[in-house]
Amino acid sequence: MDLNFSAEDIAFRDEVRSFIAENYPDDLRAKADEGEELSKEDLLKWHRILGKRGWSAPAWPTQYGGPGWNSIQRYIWSEECARADTIAVLPFGVTMVAPVIMAFGTEEQKAKHLPAILKGDLWWCQGYSEPGAGSDLANLRTKAERFTGDDGKEYYRVNGQKTWTTMAQHADWGFFLVRTNPTAKAQEGISFLLIDMKSPGITVRPIITLGGEHEVNEVWLEDVIVPVENRVFEENKGWTCAKYLLAHERTGIAGVARSKRGVERVKTIARSEMEDGAPLIKNPFFKRKIAELEVDLIALEFTELRTLAGEASGKGPGPESSLLKIKGTEIQQRITELALEAVGHYGAPYFRGFGEGDNEHPIGPDYAHRAAPTYFNGRKTSIYGGSNEIQRNIIAKAVLGL
Amino acid sequence: MDFNYTDEQTMLRDTVARYLADTYTFDARMAVVNGTAGKAGWNPATWQAFAQELGILGAPFSEAHGGLGGGALENMIVMEEFGRALVIEPYLSTVVIGGGFLKAVGGAIADTVIPQIIEGKVVIAFAYAEPQGRYNLSDLRTTAKKEGAGYVLNGHKAVVYGAPWATHLIVTTRSGGGQRDKEGVSVFLVPADAKGITRRDYPTVDGSQASEVYFENVQVGADALLGEEGKGLPLVEQVVDEATAALCAEACGVTRTLHALTLDYAKQRKQFGKAIAEFQVLQHRMVDMFLEVEQAVSMTLMATLKLDEKPLDRAKAVSAAKIKIAKACKAVGQGAVQIHGGMGITTELATGHFFKRATMIEGQFGSMDHHLARFEALTD
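As you go down the protein sequences, you meet chains W and F in turn. Numbered by full-length UniProt numbering, the letters in the first sequence go through residues 1 to 402 in order. Numbered by full-length UniProt numbering, the letters in the second sequence go through residues 1 to 380 in order.
Just so you know, the hints here were simulated from the structure itself, not pulled from any lab data. Where is the CB? At the ideal position from N, CA and C, for every residue including glycine.
Derived Cβ-Cβ restraints for the label pairs, each shown as a range: (1) Asp172/W x Ala45/F: 43 to 51 Å; (2) Arg83/W x Asp27/F: 42 to 50 Å; (3) Gly176/F x Pro279/W: 22 to 30 Å; (4) Glu294/W x Gln280/F: 30 to 38 Å; (5) Gln280/F x Ala291/W: 28 to 36 Å; (6) Ala291/W x Gly176/F: 37 to 45 Å.
If the Cβ cut is set under 8 Å, some of the chain W residues that face chain F in the computed set are: (7) Trp164; (8) Ile207; (9) Thr209; (10) Gly277; (11) Phe286; (12) Tyr346; (13) Glu389.
Throw the hints in and build the complete structure from the sequences for me.
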């Protein structure tokens with residue numbers, strides 16, 4: 001056992017650090033600092049820069065254009081991105097649908113989609129949840145009926161409604177779970193379809209969340225025609241893909257590096273905010289809360305490192321990743337709580353952002369105006385990706401054997 | 001010992017509750033908050049209804065002033081009902097705080113202004129916070145300098161809730177001593193349109209409106225002074241304690257509603273073939289939320305009943321209540337959102353809006369840490 005990085009690891013760290021420093025766009029940093037809403041182009045910009053360097057998909061194997069990094073290198077990469085406070089590469093393509101296509105897709109599907117995902121040419125969204133299928137995802141009702149078209153080819157006709165579809169307003173493609181056999185038991189009879197979001201019959205409606213954000217949507221599908229060759233894996237075996245994807249989604253959900261950055265941000269606020277003529281960070285109660293948070297974060301980090309080491313030795317991401325999801329999201333939420341607490345009175349002003357013709361400077365210190373919306377929005381983390389209650393069920397069953 | 005309301009108090013509660021249930025629906029509130037009802041952020045007609053139709057703006061004032069002859073308990077009753085309906089109208093700053101100052105100082109100014117509050121003509125905002133002051137009521141950079149027969153005010157007041165709607169501001173200032181001295185605090189009642197006052201108005205995250213208020217050589221007469229020059233801090237502390245108790249009552253209404261909404265949702269929402277309310281892990285969480293609400297209600301009553309005791313006992317009671325209320329707001333707010341799942345963080349359901357208000361109450365008039373420190377300091 002050794003907690004130190006090797007000389008090669010350090011050389012790697014220096015290489016990626018200087019690449020980020022030299023290539024991360026200044027305008028993106030400025031917008032993110034101001035809390036400005038990022039456009040589709042903004043969100044893809046860094047992805048495309050990384051795509052050119054071959055680094056947009058750290059976990060991909062080299063045969064598909066990935067960098068072939070080992071788990072320590074991937075860890076260093078995420079640390080360095082967080083250290084430089086870069087925006088994240090959107091996960092829907094690179095870390096969600098792509099591993100499914102690699103594992104279960106046809107050669108045609110791989111050739112068609114993987115290079116575009118890698119380069120950031122296309123935007124993906126995830127059509128999983130439905131109004132009646134949240135934690136109980138297998139209860140989904142969106143149905144896909146197979147028919148032979150006038151051209152003699154096979155198609156699905158898809159009808160139903162998806163919800164909580166993140167960033168669907170920008171999406172070019174979506175991966176959907178649909179029911180292809182209505183009489184089968186819940187988890188059987190589901191198929192995994194890739195759907196062109198420009199297909200006739202798709203309507204995307206915004207859902208506005210508590211911080212005023214438009215992140216999630218309802219997606220309505222009305223007689224959407226999808227060629228059968230857009231199905232990944234066998235018909236009625238989509239649940240296998242879904243489970244595979246969920247396990248992948250959970251690794252990285254710990255967000256250790258981002259949370260480290262978040263703790264630093266809270267400290268910065270607490271150094272500026274005054275209480276009785278002294279910086280808030282001198283308040284022993286507040287300081288204690290930061291210390292407790294940092295200790296929990298160290299515990300999470302080393303638990304994640306142990307998991308990564310397990311993966312490196314050939315164990316795929318297992319139910320243990322539920323642990324990372326629970327503790328990771330709890331820590332993320334505590335960071336937003338502390339930030340809101342730290343800004344005091346200036347947590348109250350609601351800053352709508354610059355998008356609506358309001359060019360006025362936000363009220364109060366720059367670090368304050370997103371504190372409350374970020375706290376509100378952060379409540380989603382213990383709900384999405386399998387709620388933390390569901391994660392505990394997974395651990396109870398799959399790890400503890402209860 | 002008697003924890004029962006009088007007939008008059010029960011009637012007050014029922015009157016307010018019925019009016020709000022009929023007219024202050026979630027949709028009606030959101031239309032006002034979003035400005036789609038044609039008014040910017042509040043509805044003056046609602047305020048007039050409070051004054052004329054319900055007569056509740058006189059709840060804590062003496063009959064001699066035209067009020068209902070009540071006091072802190074009546075404020076508690078009104079504020080709890082306001083919490084249930086998420087009312088944004090400035091009862092707290094006008095009746096509880098403005099009224100609180102005026103009742104405490106008495107005299108000609110009280111005789112003039114209190115009846116105008118009761119009639120709904122005077123709306124007050126409380127300009128006490130400053131960017132550097134956090135929750136320390138005597139950390140003041142806003143100054144009042146004696147000039148001729150009156151005073152000249154200069155400074156910047158932060159996050160003044162209700163200021164865009166106010167006819168008058170109550171302003172805490174430093175008229176002597178160092179920036180955080182206990183001595184040298186003076187309080188003024190100033191017309192909101194006085195020359196030299198400028199505002200930057202904005203919505204707040206919990207559906208209200210507030211302003212940054214700037215004073216530049218604002219001249220006020222000696223009659224604008226509330227209490228004695230330089231001796232204002234005990235008065236401010238008393239009124240802020242009264243306001244905090246009233247805020248706790250609002251929190252009781254907010255958290256009770258959040259809890260009720262959550263039970264309803266959990267009974268209706270089905271996953272895995274049954275109502276999610278049947279899952280024990282969620283049942284226990286809803287039980288814990290209930291325990292928080294019940295303690296919040298107890299503490300609010302305790303603090304309200306102790307508002308007339310000696311300053312030290314009053315302060316301890318109010319801080320103790322605010323600590324429990326902050327905990328309840330967090331636990332019930334977060335629990336409600338979690339059990340609602342994604343629906344809890346949308347703006348479509350009322351739940352999220354109650355959660356936002358609960359969150360803001362946590363910090364209003366002092367965070368949990370602030371009140372724990374105050375309670376500790378008063379205990380040893």
